[in-house]
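Participant: Sequence:
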Amino acid sequence: MFDLGMSELLVIGIVALIVIGPKDLPVMFRTMGRFTAKARNMAREFSRAMEAAADESGVKDVAKDLRKVTDPKSMGLDALKDAASRFEAWDPKRSARPEPAASAPAPAVPSVPAAPAHGPATQALAESRAAQSAAAAEAAAAMRAARDGEPGQGT
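For the sequence shown, the working numbering puts the final residue at 155, and the numbers step up evenly by one.
Hints are not guaranteed to be accurate.
Below, computed lysine-lysine pairings styled on DSS-like, alpha-carbon distance capped at 30 Å [to be verified]:
no.: 1; residue 1: Lys23; residue 2: Lys38
no.: 2; residue 1: Lys93; residue 2: Lys81
no.: 3; residue 1: Lys68; residue 2: Lys81
To be clear, the hints were calculated from the coordinates, so they are not data collected in a lab. Note that the structure is predicted; figures quoted are calculated from it, not measured.
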């Protein structure tokens, strides 16, 4: 609220002592203390009334639902960040080396390792990622086969 240091308070106290006088100064401080206490009580009651009104109208539930909806993990943004970081680290010169002419066997589909006591949501996520990896491997193999099978399409 107010930024008063010790030097400012000392100056105010000396001026009050001179203007009001030493006899009436304790009475004035007592009155100011009561006024401050009443103002704080009124502010406390007002904030309690606002919180009670918010509880009755369901604002906290709406805020909780809004936080839940905008959670990056629930929207899959963490996976998007991982993919973006992998893309930024990707070096096209390293991955552009020519494939051998012989048809290489398709890469093995990564299987889901047996995990100790995962819940159904974690297991479903693992199966989904394994299926995505398998689909990506099949697509890469099909692209290699199409590139090697068509003349003039290589490097």
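Participant: Lysine 93 and lysine 81 were given as a pair; does the straight-line alpha-carbon distance stay at or below 30 Å?
Facilitator: holds, 23 Å
Participant: Is it true that the CA of lysine 23 sits at most 30 Å from the CA of lysine 38?
Facilitator: holds, 25 Å
Participant: Straight-line Cα separation of lysine 68 and lysine 81 no greater than 30 Å?
Facilitator: Judged against 30 Å, a Cα distance of about 19 Å means the pair holds.
Of the numbered hints given earlier, the model fails none.
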